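> Residue numbers (full-length UniProt numbering): 1 to 354.
Because the hints were derived from the structure by calculation, they are not lab data. Misleading hints may appear alongside valid ones.
Think about it this way: if two alpha-carbon atoms lie no more than 27 Å apart in a straight line, the pair counts; the simulated DSS-like pairs of lysine-lysine are [stated by the list, open to error]: (1) K156 <-> K80; (2) K193 <-> K274; (3) K182 <-> K40; (4) K279 <-> K260; (5) K279 <-> K255; (6) K320 <-> K274; (7) K100 <-> K217; (8) K320 <-> K80; (9) K320 <-> K77; (10) K163 <-> K19; (11) K217 <-> K163; (12) K260 <-> K217; (13) K260 <-> K193; (14) K156 <-> K40; (15) K182 <-> K199; (16) K320 <-> K260.
Nothing here was measured: the structure is a model prediction, and the numbers come from that model.
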Amino acid sequence: MMLDSQETSELKNIPSIRKTGVLIVNLGTPDSPSVPDVRKYLREFLMDERVIDIPYLNRWLLINLIIAPFRAPKSAKVYKELWLPEGSPLKIYGYSVEEKLQKALGERFVVKLAMRYQSPSIESALTELRKECFTDIIVIPFFPQYASASTGSVYKLVMETIKDWEVLPELRFVNRFLDHPKFIEGFVNLGKKYMAQRKYDHVVFSYHGLPERQITKGDVTNEQCQFGSCCDVLNHRNQHCYRAQCFETTRLLAKGLGLKEGEYTTCFQSRLGKTPWIKPYTDEIIPQLTAKGVKSVLAFSPSFVADCLETTIEVGDEYKELFEENGGEHWQLVESLNDSDIWIETLVDLVENA
């Protein structure tokens, strides 16, 4: 049956009942820089079996009897250095992105911010989205490279939260976005801003580290990653390897910045404990660079999309101090994408293509 022009026009004016929820998720932050709040955050974060993947009892004893009691006071002092008058930078940027992304996407979408640990929780955000009766929900973990301890942990909690809902929405996840053109462009533009101001002897791309055993456990091909040249190319066999994804991110950024081989280094930070973590370690690379006569470094932290303790304090302050102690003269941190326009454009594209 053919519709006449008037009937077609009337159909176009019928409002669509299909709306989409968008859940954006970052790692998390303490509610305040006080010792009790930092201790609470550390306990929730480190008790995640995907973060510290050892037997439950061992993990409980390690976190509750050693790490949380002794590390919380030290971490609280660092968080106080990071804290802004409005609160945690991670949360400030998160709410700003939520507002800007909502405006950019329009009324067909409802955007909610959540943190994997602490507040606003994934459970509370999903409860709000559930009330909207959405047919589908898109989940975007704010981790450019996939890892079981980050993106995988978000997936797990989201699915555990909704598994008993009577009406289950169509659920779509953004697995990673390390090679998204706008994500790369955003960091390249930030880097070029500093490179236009002065010449740098070397560029460091420092990523959050992971225990080597987590990379090995994730190798479903059973080819046993050797943590070396196997990460030189990202392909269908190693595409889920976090280390390989980081090296691919570096290659894309280096190309955009016009860097040649030897002018940059990929390395990993934030290791914990005595077990081997993925290498090379950033704090060991720095003395090696100064020993070669490197006096100025431009430092990126491309595993984070918002500035936080690991970027501002660890890469921006602690590594700068280490660099200068070893004879370096100028260490410049490139800030994260935070709530920049190009980051919002990246997210809009990720939503529309999910």
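> Give a verdict on every hint.
Tested hints:
1. Taken as a hint, the K156 and K80 pair is broken in the structure, with Cα atoms around 31 Å apart against an allowance of 27 Å.
2. Proposed proximity of K193 and K274 is contradicted: the alpha carbons are some 38 Å apart, above 27 Å.
3. Taking the CA atoms of K182 and K40, the gap is near 36 Å; set against the 27 Å cutoff, the hint is violated.
4. The suggested pairing of K279 with K260 holds, with an alpha-carbon distance near 21 Å, which does not exceed 27 Å.
5. The suggested pairing of K279 with K255 holds, with an alpha-carbon distance near 22 Å, which does not exceed 27 Å.
6. At roughly 24 Å between alpha-carbon atoms, K320 and K274 fall within 27 Å of each other, so this suggested pair holds.
7. Between K100 and K217 the alpha-carbon distance is near 38 Å, which puts this suggested pair outside the 27 Å criterion.
8. Restraint check for K320 and K80: the C-alpha separation of about 19 Å stays at or below 27 Å, so the hint holds.
9. At most 27 Å may separate the alpha-carbon atoms for a hinted pair to count; K320 and K77 meet this at roughly 19 Å.
10. For the hint pairing K163 with K19, the CA-to-CA distance comes to about 21 Å; that is within 27 Å, so the pair holds.
11. Distance restraint check for K217 and K163: the Cα-Cα separation of roughly 26 Å lies within the 27 Å cut-off, and the hinted pair is therefore satisfied.
12. For the proposed pair K260 and K217, the alpha carbon gap of about 33 Å is over 27 Å, so the pair is violated.
13. This hinted pair checks out: K260 and K193 have alpha carbons roughly 18 Å apart, not beyond 27 Å.
14. As the CA atoms of K156 and K40 are separated by approximately 21 Å, the hinted pair is consistent with the 27 Å bound.
15. A distance of roughly 25 Å separates the Cα atoms of K182 and K199; the hinted pair therefore holds under the 27 Å criterion.
16. With a C-alpha separation of about 24 Å, the suggested pair K320 and K260 falls inside the 27 Å cut-off, and the hint holds.
Comparing the model with each earlier hint shows violations of hints 1, 2, 3, 7 and 12; every other hint is respected.
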